[in-house]
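Each chain is listed here by its residues.
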Amino acid sequence: MPHVAVRDLSVTYEGKIGFKSTTVEIPDACITAVIGPSGCGKSTFLRCLNRLIDNTPGARVQGEVLIDGTNIYDPGTDLSALRKKLGLLSQRPQVLPMSIYDNVAYGPRIHGTRRRAELDDIVRKQLEVAGLWEEVHDRLHQPARQLSLGQQQRLCLARGLAVEPEVLLCDEPTASLDPVSSGHVEERLIELKSEYTIVLVTHMLRQAHRLADYVLFMYMGELVEEGPADELFSNPRDERTRDYVAGTIS
Amino acid sequence: MRRRLEEVGFRTLMLMALLSVVGALMLLIMVVAINGARALNWEMVSQVPTGGYYLAGGGGVLNAITGSLALAVTATVVAILFALPVALFLQSDYGGRTRFAVVVRTYLDLLWGIPPIVYGAFGFTLMLYMGLRASLLGGVIALTFVELPIMARAMEEVLRTIPRALKEASYALGATRWETMRWVVLRQAMPGLVTAVLLAFGQGIGNAAAVLFTAGYTDNLPRSLFEPVASLPLAVFFQLGTPFPEVQERAYASALILLVIVLVISIKSRLLGRLLSKHNVLD
Chain L
1 MPHVAVRDLS VTYEGKIGFK STTVEIPDAC ITAVIGPSGC GKSTFLRCLN RLIDNTPGAR
61 VQGEVLIDGT NIYDPGTDLS ALRKKLGLLS QRPQVLPMSI YDNVAYGPRI HGTRRRAELD
121 DIVRKQLEVA GLWEEVHDRL HQPARQLSLG QQQRLCLARG LAVEPEVLLC DEPTASLDPV
181 SSGHVEERLI ELKSEYTIVL VTHMLRQAHR LADYVLFMYM GELVEEGPAD ELFSNPRDER
241 TRDYVAGTIS
Chain F
1 MRRRLEEVGF RTLMLMALLS VVGALMLLIM VVAINGARAL NWEMVSQVPT GGYYLAGGGG
61 VLNAITGSLA LAVTATVVAI LFALPVALFL QSDYGGRTRF AVVVRTYLDL LWGIPPIVYG
121 AFGFTLMLYM GLRASLLGGV IALTFVELPI MARAMEEVLR TIPRALKEAS YALGATRWET
181 MRWVVLRQAM PGLVTAVLLA FGQGIGNAAA VLFTAGYTDN LPRSLFEPVA SLPLAVFFQL
241 GTPFPEVQER AYASALILLV IVLVISIKSR LLGRLLSKHN VLD
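Heads up: the protein sequence lines correspond to chains L and F, in order. Residues 1 to 250 (this note's numbering) make up the first sequence, in order. Residues 1 to 283 (this note's numbering) make up the second sequence, in order.
Same shape as in the complex, but just chain L (with noise of 0.2 angstroms):
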């Protein structure tokens, strides 16, 4: 089994729909692009992974995503640790208002690590594979914000990774970022999809040719299609997929 496996899953806004009944399993050590047009409903679709679904007005979630097998809408659900399991990427990069090091240790803090070497261990670490330690490790202890767009995503990548997620959710990681930077994202997810289940949502479909193994193709609402991006991309089975992967709708 899968860590993420979704169940008969939809989402309502004050009755309109967020997106339609969705049954489908993300397939663990490789990218997973969700791609559509805007408004299909992809962002919704990963705010469900992490339930940070529930901090939006109005919304219903139906139906089960299952993560490692239980099924994460169960009540009693200790959302702490569910969030811990799934690092979350979104689509402007949000520092916490600390210093560098702090950006990164505080994941690991409220999850009870206290001493100091094993703290810098982890911040050390989470930068290198964040490739930001050389531009930042002789000030670690100034303010994030004082970080450019593109530094701050990669130490909002690092902090993710610092609670030793097992799935990485990305919500258009690359959006406000500049070609350069949005590179150096791109490279680092590459190197960690062995090691982590990504899901990537992205309205850019040269990014999607990039970097996905497998794609979910979502129009208004709907899981039009999924299939390893080779075939989905070079085959589409539906004539919708077919027509936004031409270009000639969105």
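Fair warning: there could be bad hints in the mix.
One side of the interface only, derived from the structure: several residues of chain F facing chain L at Cβ under 10 angstroms [said to hold, decoys possible]: (1) D93; (2) R97; (3) T161; (4) R164; (5) A165; (6) E168; (7) G174; (8) A175; (9) Q188; (10) S269; (11) L271; (12) L272; (13) G273; (14) S277.
Rather than coming from a laboratory, the hints here were simulated on the basis of the structure. Treat the numbers as computed from the prediction; the structure is a model and nothing was measured. Ideal Cβ positions, reconstructed from N, Cα and C, are used throughout, including at glycine.
Start from chain L and add chain F according to the hints.
Only chain F this time, still in chain L's reference frame:
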């Protein structure tokens, strides 16, 4: 052409409004300063009134300075202890979207609109019931009531400006609501929270009506919670009420002292707030 005129017209209106507000304030400060300057001396701020003080005898208003500080600082600290949890509860992360929250908000707005003299009368009744006489404690209770709604509502508005995405960044790491509030929201909101506290403090220290019955007045320095204390607003009131021009000048001097206290505390707290928020992520 019309759009240009509009632009110039509204700019002029804004400038005029700004000038009249700033001008009126400057005028107020000048009147107080000019009238008070003559009477202001070291004796004023370092001595308590002597027997003939209100008949233009010697002494100062140290009793009122210390009394006011004791009243307002204590009331502000107590108000923070209540206002902050209330403001946090009113956030959407806790009870902010419930009907109860709507009721609480309306209630706070109502309390905000109640004249301080009513708090004074209410405090007085409460004290009679508890067997207290006019005292520092009574004054603190009344002032806390005056400050609470202002502080809670101002804090709530400040906390509400914290973007949801920032909180979600913390939640996504597995942080609880309290951890998110404590380490992310309060930090980010610190400068605004300081403003909220100052707003309430200003109301508290300048309030004469609420302390009139509850704190009483005395020529002594504050000694215990259960004895009457003096306060600057009442000192101004009493001194203005005498027929002696010298004493009336002292009323202005006392008002000036009050202004300076508010100014100094305001600047100090803003500096502190800025220091605490050097890591803030949004400007």
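Hint check results:
1. Of the supplied interface hints, the one on D93 of chain F holds, with its beta-carbon coming within about 7 angstroms of a beta-carbon of chain L, less than 10 angstroms.
2. For R97 of chain F, the interface hint holds, since its Cβ comes within 10 angstroms of a Cβ in chain L; the closest pair sits about 6 angstroms apart.
3. With a cut of 10 angstroms, the hint placing T161 of chain F at the interface with chain L is violated, because the nearest CB-to-CB distance is about 13 angstroms.
4. With a least beta-carbon distance of about 7 angstroms to chain L, the hint placing R164 of chain F at the interface is held under the 10 angstroms criterion.
5. The beta carbon of A165 of chain F is positioned within 10 angstroms of a beta carbon in chain L (closest approach about 5 angstroms), and the interface hint is therefore held.
6. Taking 10 angstroms as the C-beta cut-off, the interface hint given for E168 of chain F holds, the closest approach to chain L being about 6 angstroms.
7. Annotation: interface hint on G174 of chain F holds; nearest CB of chain L at approximately 4 angstroms, less than 10 angstroms.
8. Here the hint on A175 of chain F is kept, as its CB sits about 5 angstroms from the closest CB of chain L, short of 10 angstroms.
9. The beta carbon of Q188 of chain F is positioned within 10 angstroms of a beta carbon in chain L (closest approach about 5 angstroms), and the interface hint is therefore held.
10. Interface restraint check: S269 of chain F against chain L, minimum CB-CB distance 19 angstroms, threshold 10 angstroms, status violated.
11. Interface hint at L271 of chain F: violated, since its Cβ lies 18 angstroms from the closest Cβ of chain L, which is beyond the 10 angstroms cut-off.
12. Taking 10 angstroms as the C-beta contact cut-off toward chain L, the hint placing L272 of chain F at the interface is violated, the least distance being around 16 angstroms.
13. For G273 of chain F, the shortest C-beta to C-beta distance to chain L is roughly 13 angstroms, which exceeds 10 angstroms, and the interface hint is violated.
14. Against a cut-off of 10 angstroms between C-beta atoms, the interface hint on S277 of chain F holds, since the closest Cβ of chain L lies about 7 angstroms away.
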